[in-house]
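> Each chain, written out:
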Amino acid sequence: MSTPIAYFLLVSAALFTIGTTGVMVRKNLLVMFMSIELQLNGVNLALVAFSRMHGNLTGQVLTFFSMVVAAAEVVVGLAIIVYVFRRRRTANVDDLNVLKW
Amino acid sequence: MYAGAIMVLFLFVIMLLGVDREESLTERLRWQRPAAVLLGIGVFAELFFAIRAGVGFATRGAEAFAETANRGGNAQALSRVLFRQYFFPFEATSVLLIVAAVATMVLAHRQRRAITRAEEAAAEAAAVPEPEAVP
Numbered sequence: 004m005s006t007p008i009a010y011f012l013l014v015s016a017a018l019f020t021i022g023t024t025g026v027m028v029r030k031n032l033l034v035m036f037m038s039i040e041l042q043l044n045g046v047n048l049a050l051v052a053f054s055r056m057h058g059n060l061t062g063q064v065l066t067f068f069s070m071v072v073a074a075a076e077v078v079v080g081l082a083i084i085v086y087v088f089r090r091r092r093t094a095n096v097d098d099l100n101v102l103k104w
Numbered sequence: 026m027y028a029g030a031i032m033v034l035f036l037f038v039i040m041l042l043g044v045d046r047e048e049s050l051t052e053r054l055r056w057q058r059p060a061a062v063l064l065g066i067g068v069f070a071e072l073f074f075a076i077r078a079g080v081g082f083a084t085r086g087a088e089a090f091a092e093t094a095n096r097g098g099n100a101q102a103l104s105r106v107l108f109r110q111y112f113f114p115f116e117a118t119s120v121l122l123i124v125a126a127v128a129t130m131v132l133a134h135r136q137r138r139a140i141t142r143a144e145e146a147a148a149e150a151a152a153v154p155e156p157e158a159v160p
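If you read the protein sequences in the order shown, they are chains A and B. Residues 4 to 104 in my numbering are what the first sequence lists, from first letter to last. Residues 26 to 160 in my numbering are what the second sequence lists, from first letter to last.
Hints in this document: simulated from the structure, not taken from any laboratory. C-beta atoms are modelled at their ideal positions from N, C-alpha and C, and glycine is treated no differently. Everything hinted at is true.
The following label-pair restraints were derived from C-beta to C-beta distances:
hint, chain 1, residue 1, chain 2, residue 2, range
1, A, T6, B, R55, 41 to 47 angstroms
2, A, T6, B, G98, 18 to 24 angstroms
3, B, L121, A, Y86, 19 to 25 angstroms
4, B, A89, A, L102, 53 to 59 angstroms
5, B, F115, A, N95, 38 to 44 angstroms
6, A, I83, B, S119, 21 to 27 angstroms
7, B, V106, A, S5, 18 to 24 angstroms
8, B, F73, A, S5, 18 to 24 angstroms
Going by beta-carbon spacing under 8 angstroms, a handful of chain A positions derived as facing chain B:
hint, residue
9, N59
10, F67
11, F68
12, V71
13, I84
To spell it out: a stretch of chain B is covered by chain A in this simulated footprint if at least three of its residues, at any positions, have a beta carbon under 8 angstroms from a beta carbon of chain A; those stretches are:
hint, segment
14, 28-41
15, 105-114
All chains should be modelled from the sequences, with the hints used to inform the complete structure.
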């Protein structure tokens, strides 16, 4: 017998929760960005689990596409972080208050 | 792909920025951290109940996955779906990746402005010391 699908979904929920909490708790731009990646990977795991549940490969293809989009997003996001760091010499979100009203 | 591309990129940026300096522990919002932990527990509980209600712990994967959807191995079956059914999105992602790479180069490029003639002359005039007054 194969593993129940709910176990995979629970791991995915745990990944998503850790990512959400990380975004809300940490102050470093890079760590927050990594937490967002963790959320994304939790959703990817859920997609693969549902693909297994329905016996259909579309979920795995969708995961592939979402990883490509994540790669593009990470590249641009890291470039923005490097740019901000170069101008402000900080990666702390508390110090980036120029846009604050 | 993920470990090779994205995590190594993160590693490079972490080494580039040198985030080993200690994080500032001053809290602007004192209630933020406990509130975040509480909200995280809430999110997990919500997801747990959603999974229990929606999927249930008895549901298992479809039978004979290896013979039906995964016929001929997962890589072969996946590429069959990817290159037949989803070929156009697959090509579109290549455009996306190129756009992202160009955007990164534009963002991360350290701009060097061309020095104009007028600026050159001004710099020269500033460099030449004023002739001292003849006594």
